[in-house]
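Combine both chains into one complex, guided by the hints.
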Amino acid sequence: MVKESGYQWKLGMFVIVGLFLFVGTIYFVGKQKNLFGSTIELYSKFNSVNGLAVGNNVRLSGINIGTVEDIEFLNDTSVVIKMVIKDEVRKYIKKDAVASINSDGLMGDKVLTITSGKKSTILINDQDYIRSKKAIEMDDLMVSVKKSVDNAGLITAELAQFSSSMNNGDGALSKLVSDKKFGNSVDNMVTSLEASASEFETFTTSMNNGKGALSKLISNERMGNSIDSSLTNVKTATKGLNEVIEAAKHNFLLRGFFNKKKKVEDKKLEEEQEIEEAEMKKALKMDQKNDSINK
Amino acid sequence: MNQTLTIQKERLGTYLNQSFIEVGRATEFAIRFFKEAIRPPYEFKELLKQCYLIGYKSLPLVTITGFIMGLVLTLQSRPTLAEFGAESWLPSMVALSLIREIAPVITALICAGKVASGIGAELGSMKVTEQIDAMEVSAINPFKYLVVTRIMATTLMIPLLVIYADGIGIVGGYMGINIHGDVNVVRYLSQVIESITFLDIFPATIKTFFFGYFIGMIGCYKGYNAENGTESVGKAANSAVVTASLTIFIIDMIAVQVTDLFF
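Each protein sequence line maps, in turn, to chains A and B. The opening residue of the first sequence carries number 1 in the UniProt record's numbering; numbering runs sequentially from there. The opening residue of the second sequence carries number 1 in the UniProt record's numbering; numbering runs sequentially from there.
Extracted from the complex, chain B is given alone in its bound form (with noise of 0.2 Å):
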């Protein structure tokens, strides 16, 4: 009995130990981010692709995403407003909610599963097949390559495709408007702006390039120090995604709170 005791404080002691090492080493792998960065030379080049990667291909998925669910929450909205008699508010409610909350979250989680994974099984496959070593010998700095083009991209890309989603997501509300009723376009877009203030667009706006960087570095960390062997790669996407999601959720945990305690 004490025997199994002293076995489970061992774990417990080994585990936290492991744990603080790898906030230990992510905070190391951020700084040295911002480090490589700042420091020439650029590579803009491969940033450039980077972006069209992470930005441009995901943008289908975004769109739909965004198109339904701005469908979805008029849709579940309106039989809720329309018990109050409220349904001409139905394009502020959902202009707002996705502005400010659901479009950025559900884009963010959405380039988790896309990006995150993706950067992480792919800098994984290199770590394992001693690409990222080669690199190094030829003198190629395989962070400045890799990973601060990687983690800019997202960190750019990732507040444009919300931008997307929410203009998206305001044509997909106007879609479910006009399912039960007939709504003017531009009744529907003086509603949506009028309903809009910058204390709505501006936080949200910010916390999304937090979510960037952090889908970013969190799918590079993930893949960079993905151990050796082919599991580890499928290991460093898996962790990068889930990761990555609950790193989204504090974010915007921090990101509410925050406005609500200056604005």
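So here's chain A without its partners, still in its complex pose (with noise of 0.2 Å):
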């Protein structure tokens, strides 16, 4: 049989570890569900909860502070839930918190997330209530994330038409995309401008730094100057070889040179002044007869 002192320590051994365990449990979901602390309650109005349901966790910065405790309607259009928080997070709200409803993953709960105010210094009391921002909801994330799609669509069916005609079209892109032939001409052209290039560099090369005419002409200031001068002197040249012609006029030895040239000058005037006028009068009868026609 069993021997009394050695069992009954056994079964004490037993039973104190097993409750042990037991209230050890007890007390650690108790501590995370804010039982066992000095909690405050909050609450926040909203259109929708989105799923939110009681016992959600309540996040500010990411950290778990509190549980969603109770979610009712309070009118036909707004749901009123109600929080509790840790007492000793509220220093960090302030009176302008906001709070929102967001999901903790793809595949996770609903979660309510209060985004800290800024501006207010006041600190939130307990049985206050915070202003709510409305959530993203998956029918408006589906509706935008759709138009999203259909741009795309359109967009790939036009980059798909704008390949197909660079392959296959006749346009100056397409042919230097897909013609070897047009592809070696334009080769050629920038071998020929190449060439150019390297032919004009050489010209500037000499015309800066060479001895022709035009290179001085260019580069030389002494030149300039002598040009500059010679064209003065013809300048005044001319002014002398006018008078003289003038004068030649008057000269009674030269006077009916003059006089024939003239009247030569002034019969071919005459003679273009007639063709122009008879043109015109063709041009008047033609107008009267399409009038007399068209009535």
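To be clear, the hints were calculated from the coordinates, so they are not data collected in a lab. Glycine is no exception: its CB is placed at the ideal position from the N, C-alpha and C atoms. Please note that the accuracy of each hint is not assured.
What the hints assert, rightly or not - Calculated pairs, DSS-like style, for lysine-lysine (alpha carbon to alpha carbon, straight line, at most 27 Å): (1) B/235 with A/10; (2) A/10 with B/45; (3) B/114 with A/10.
As the list claims (entries may be wrong) - Simulated restraints, written as ranges between beta carbons of each label pair: (4) A/53 with B/37: 53 to 59 Å; (5) B/145 with A/54: 48 to 54 Å; (6) B/186 with A/163: 55 to 61 Å; (7) A/54 with B/38: 36 to 42 Å; (8) A/21 with B/80: 28 to 34 Å; (9) B/186 with A/55: 19 to 25 Å; (10) A/54 with B/136: 53 to 59 Å; (11) A/138 with B/80: 23 to 29 Å; (12) B/42 with A/71: 46 to 52 Å; (13) A/53 with B/42: 24 to 30 Å; (14) A/173 with B/88: 49 to 55 Å; (15) B/175 with A/55: 28 to 34 Å.
What the hints assert, rightly or not - Just a sample of chain B residues kept apart from chain A, beta carbon distances all over 10 Å, derived: (16) 8; (17) 75; (18) 122; (19) 125; (20) 130; (21) 131; (22) 137; (23) 143; (24) 178; (25) 180; (26) 185; (27) 194; (28) 252; (29) 254; (30) 255.
Here you go:
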């Protein structure tokens, strides 16, 4: 049979450890649900709670500070949420704090997130109401995603059309991309451009540094001055020559030659005027004829 | 043809009749337990001894089973959760499954196998060898001494064993998670505690008292009412295990329904 003293302490140990485990679990679960610390109650009004349930966590800066205690209808359009949070975090929540409903990951539970206010310096009190922000609903998200997807579809179709025309089209850009012949001619053009550029470089170098007349004309100041004085001389000479010709016109030996030349010029002018008048008369006659036909 | 049908009808009638009688006797037995349990004198010494034999002696079996349950549950659930990229939910899932269902039911079934059969065989052999009659003759109430102490011991010890199984199972779960990954023990335990609510703990704990009560009651009833002959000892033990196991599942179903209804 079982020895009395032997089994009794074993049984005692067994029971104590078991109860300790049970009480410990109860304590930690209770602590998690803020049952043993001092707490305050806060309220917030929402139009929709998006599936938030009693017992969901309340977070401030990502840290769990409490739980949702109760959710009740206030009227036909709004719902009031009662939350219980730790008293020790009250000092971080101002009067202008905002509550919003978010998801804990894609598949996770809903969480009530409190964003601590910045402008106000007054702390919240027990039983206070805090403002709420409309939650992003899944339907809204899906509508926006659908719009983006539609746009992406349009862009993709246009991109497909663009690439197709790039591959098969006749435009310059298309040929540049797909036509080998065009590519070769562009290549040749570039090569000849390079050659021209090289020749132009030689030309400009020789223009700057060469000893030829054109080079000197561009870069030599003395040459420029001498050309300038030559042109002044030419101008003076021309003026003198005009005076000589005018004098010659009045000379009796040469007067006949100049009068004859003037007469030929006048006659030529008269003939031109006659031709113009005849053409004008012809055009007028044609117009009158057309008018009579229309009538 | 007609005669065979009549015989079958008669057999069914007899079977039903016997079943009703059995249920009636069991109910009477259960009521008698409460009467005898309240009425002094109390057999504390025997109660402690039975608690030791039923509770402490079953601990190694429950520890091994609980550990394996936690470990296996984690390893089996992992691939499914990994498919959704939700491996971080493993501690919560394992803890909830263990505390709500697996630990209570598995522990109760283990105890039904070990304890109910033990009680059935013990009391059955005492009945067969007329020890119970001898006790009555020597002015000791055999029901109080043998039955009340055992039923009370199972009612008190099964919940404790379940708490152990929960704890050990959670340790097993931690081992299971650390086979593939590397999770800090503090992080693991905080995740477990985070996911558990009182609604998970209390209904599960309350139902274990019923498991314990019925394991003791069925074991004692089968043993106490064993017929004469050594064969009936084996029958009593066997019947005790089968009936207790079945009853555990029925109670579990009722408990889940009630919990679902009220919470």
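Checked hints:
no.	hint	verdict
1	B/235 with A/10	violated (33 Å)
2	A/10 with B/45	holds (15 Å)
3	B/114 with A/10	holds (20 Å)
4	A/53 with B/37: 53 to 59 Å	violated (42 Å)
5	B/145 with A/54: 48 to 54 Å	holds (50 Å)
6	B/186 with A/163: 55 to 61 Å	holds (56 Å)
7	A/54 with B/38: 36 to 42 Å	holds (40 Å)
8	A/21 with B/80: 28 to 34 Å	holds (29 Å)
9	B/186 with A/55: 19 to 25 Å	holds (23 Å)
10	A/54 with B/136: 53 to 59 Å	holds (57 Å)
11	A/138 with B/80: 23 to 29 Å	holds (25 Å)
12	B/42 with A/71: 46 to 52 Å	holds (50 Å)
13	A/53 with B/42: 24 to 30 Å	violated (47 Å)
14	A/173 with B/88: 49 to 55 Å	holds (52 Å)
15	B/175 with A/55: 28 to 34 Å	holds (30 Å)
16	8	holds (51 Å)
17	75	holds (22 Å)
18	122	holds (13 Å)
19	125	holds (16 Å)
20	130	holds (21 Å)
21	131	holds (15 Å)
22	137	holds (22 Å)
23	143	holds (21 Å)
24	178	holds (21 Å)
25	180	holds (20 Å)
26	185	holds (14 Å)
27	194	violated (6 Å)
28	252	holds (20 Å)
29	254	holds (23 Å)
30	255	holds (18 Å)
Consistency note: the structure conflicts with the earlier hints numbered 1, 4, 13, 27.
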